[in-house]
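Asker: Generate coordinates for the entire structure from the input sequences, incorporating the hints supplied.
Residue numbers (the numbering used here): 378 to 620.
FYI, nobody ran anything at the bench for these hints, they're computed from the structure.
All C-beta atoms, glycine included, are put in the ideal place defined by N, C-alpha and C.
Don't take each hint at face value.
Stated by the list, open to error - Now the in silico label distances, taken between C-beta atoms and shown as ranges:
(1) Pro544 to Pro616: 19 to 27 Å
(2) Asp393 to Ala550: 43 to 51 Å
(3) Thr609 to Ala399: 19 to 27 Å
(4) Thr609 to Gly443: 14 to 22 Å
(5) Leu551 to Pro447: 33 to 41 Å
(6) Pro558 to Leu442: 40 to 48 Å
(7) Gln479 to Gly554: 38 to 46 Å
(8) Leu551 to Gly395: 19 to 27 Å
(9) Ser419 to Pro544: 24 to 32 Å
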Amino acid sequence: PSASTPPPAEPTSVPDAGQVLALLATADRTAAADAADVPGGSLARLLASIAASRAGLEAQLAAALGVPAPDAGSPAVATPADAATPGSPTSTAGAPSPAAPQPADVPSTDRIGIVAAEDQAGYGYEVLAAKLDDPSRSAARAAAAVHRARAETWAQAWALDGTTSDPRRATYALPAGLDDPATALALAQSLEVGLTTTYASAVADSARASRPELVAALLAASADAAAWGAPTTAFPGLPERVD
Numbered sequence: 378p379s380a381s382t383p384p385p386a387e388p389t390s391v392p393d394a395g396q397v398l399a400l401l402a403t404a405d406r407t408a409a410a411d412a413a414d415v416p417g418g419s420l421a422r423l424l425a426s427i428a429a430s431r432a433g434l435e436a437q438l439a440a441a442l443g444v445p446a447p448d449a450g451s452p453a454v455a456t457p458a459d460a461a462t463p464g465s466p467t468s469t470a471g472a473p474s475p476a477a478p479q480p481a482d483v484p485s486t487d488r489i490g491i492v493a494a495e496d497q498a499g500y501g502y503e504v505l506a507a508k509l510d511d512p513s514r515s516a517a518r519a520a521a522a523v524h525r526a527r528a529e530t531w532a533q534a535w536a537l538d539g540t541t542s543d544p545r546r547a548t549y550a551l552p553a554g555l556d557d558p559a560t561a562l563a564l565a566q567s568l569e570v571g572l573t574t575t576y577a578s579a580v581a582d583s584a585r586a587s588r589p590e591l592v593a594a595l596l597a598a599s600a601d602a603a604a605w606g607a608p609t610t611a612f613p614g615l616p617e618r619v620d
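Answerer: Structure below.
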């Protein structure tokens, strides 16, 4: 070849599915860590949502490959143990409750909102457990226990338990028609999607020291929403960015 002829291009290797899965896991961890560290609350909220989105993609790819998703290294919260198919979510029974940030690090409105949302989710799942057939009934019963435990953990850690500020109620308003499996499933999805919004808002409002636990709780709620068949969104917990 002449001196002006460029050398042949080096072949570009295409990552296999396992490598893509590992890259998604790294991206998930990076976004979650950045959400805990950036100075601005709005940016932290966005990064936490991105971390949840990447974790969702990671879980979908792992399920398609038939392999476990890589360990994201997040703080312990109740999350589905395995990939689930819509309408047949995995059980969250036995999963630990989150460690609660210090009360001074989380605004009062967010603390009350988190406890109320978790307790409402627990109540909603208890009602669903009476309406659904197995395996969804068992999953709803397990989810109810997890959400009730989370609400109790947060309420005690934040000194809300038994006070006039405790937002937990005996009953909550639920949609009509829960004998219809589709309506029941939609309620489960909406409970988890609502929690993603609650936790994303708390990430934005809270001090940096409290964010890791709140980000982990957002990721858990997003994963549970997907396990119940909620549509995938690019920005979990950010309703203003839903198309």
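Asker: All hints are to be evaluated individually against the structure, with a verdict given for each.
Answerer: Here is what the structure says about each hint:
| no. | hint | verdict |
| --- | --- | --- |
| 1 | Pro544 to Pro616: 19 to 27 Å | holds, 21 Å |
| 2 | Asp393 to Ala550: 43 to 51 Å | holds, 49 Å |
| 3 | Thr609 to Ala399: 19 to 27 Å | holds, 21 Å |
| 4 | Thr609 to Gly443: 14 to 22 Å | holds, 20 Å |
| 5 | Leu551 to Pro447: 33 to 41 Å | holds, 37 Å |
| 6 | Pro558 to Leu442: 40 to 48 Å | violated, 29 Å |
| 7 | Gln479 to Gly554: 38 to 46 Å | holds, 42 Å |
| 8 | Leu551 to Gly395: 19 to 27 Å | violated, 43 Å |
| 9 | Ser419 to Pro544: 24 to 32 Å | holds, 25 Å |
In the structure shown, a violation is registered for the earlier hints numbered 6, 8, in ascending order.
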